[in-house]
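Read top to bottom, the protein sequences are chains A and B. So for the first sequence, the working numbering puts the first residue at 2; every next one is plus one. So for the second sequence, the working numbering puts the first residue at 173; every next one is plus one.
These are calculated hints, taken from the structure and not from any lab test. On a predicted model such as this, the values are computed, not experimentally measured, just so you know. Here a beta-carbon is modelled for each residue, glycine too, at the ideal position from N, C-alpha and C. Careful: at least some of the hints might be erroneous.
To be verified - If we take Cβ atoms under 8 Å as the criterion, some of the chain A residues that face chain B in the derived model are:
#: 1; residue: LEU21
#: 2; residue: GLN24
#: 3; residue: HIS45
#: 4; residue: GLN122
#: 5; residue: GLN126
#: 6; residue: LEU130
#: 7; residue: MET148
#: 8; residue: LYS149
#: 9; residue: ALA166
#: 10; residue: HIS170
#: 11; residue: VAL172
#: 12; residue: VAL175
#: 13; residue: LEU179
#: 14; residue: THR182
Residue-level listing of the chains:
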Amino acid sequence: MDNDDRELIANLKHESKRDLAFQGLVNKYQERLYWHIRKIVINHEDADDVLQNTFIKVWGNVSNFREESSLYTWLYRIATNESLTFISSKKRRSFMPMNDVSEYLMNNLTSDPYFEGDEIQLKLQKAILRLPEKQRLVFNMKYFEEMKYEDMSKVLDTSVGALKASFHHAVKKVEEYLKNTD
Amino acid sequence: MDKLKNIVPELSKIKKENPYGVPDKYFDDFYARLQTKIDAEKRLVPRQQNRTIRFLKPIIGLAASFALIFMLVYWPLKIFMPNQLANNTEILDKNDVDYLSIVEGIDEDSFYTLLDEPSNSVDFSNEDLMSYVSTNVSEYEIYLATNY
């Protein structure tokens with residue numbers, strides 16, 4: 002953990018410095034966490050909700066943070082869990098079968114007013130949305146965010162070997178989709 | 173990542189960039205919106221209950237449950253079946269009175285002799301036992317008793 006994060010954590014646990022430290026933490030991590038969440042839930046409004054919930058969780062649980070992992074992986078872990086919980090609750094509320102989750106996300110993608118990519122970017126995003134949930138997470142974290150497998154392992158609570166295998170399968174499937182779909 | 177070019181040429185052709193956008197100044201006022209939400213959450217958190225009340229709560233609950241069961245079972249019985257309850261009490265009282273009158277009828281010496289008398293050790297010979305079994309138990313019952 003870097004010194005800035007260590008100081009942030011110390012101040013967050015200190016009653017009188019807590020508010021200011023929390024503002025510092027939000028400013029430092031909001032963009033990175035937002036893009037991580039956005040790639041999972043796709044829709045901007047959903048991502049905004051999940052990001053707020055993530056920081057509320059952080060606010061409520063920072064006193065329990067044991068500093069065994071870095072602040073960055075702890076935050077990513079909360080953000081990932083919040084995003085997956087959000088999708089599960091959507092699925093439950095609308096009685097969606099498993100396959101329909103990717104359909105739901107696909108609809109979010111095609112109707113997203115803030116999507117700024119071209120045709121080929123849209124095709125790549127569609128290929129990614131067809132992946133199983135775990136492979137989709139791993140692909141985004143490795144390919145776009147270029148996260149180390151060791152950090153990813155802490156975020157997703159999965160072994161490095163399993164993550165490498167997931168990424169390998171994901172890349173193959175994306176390539177296959179890009180090659181065979183017009 | 174260079175290895176990817178050989179393994180996945182189609183994917184490698186696509187520029188690695190973020191295709192998603194956000195509304196203008198979204199990140200600038202995110203903290204202010206978050207702060208409003210956190211303040212609202214803080215107001216929702218109920219005030220900490222008095223420790224004594226928290227400790228006594230399960231006990232009071234249990235006592236209330238027993239009282240409720242008593243009221244739901246005993247009171248309706250008392251209201252709708254008063255005779256039945258009175259009879260039960262009467263029968264019990266009658267048995268007690270009979271027993272007491274027998275005991276009172278025995279003089280003190282006979283009573284202690286009765287208490288000292290070994291009631292469990294009854295002496296009987298094998299012949300007595302055989303004759304009892306042959307007169308009171310059938311062969312079929314003996315067969316059943318020895319096979320189960």
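- Message: Hint by hint, where does the structure go against what was stated? Just the numbers, ascending.
- Response: 1, 6, 7, 8, 9, 10, 14
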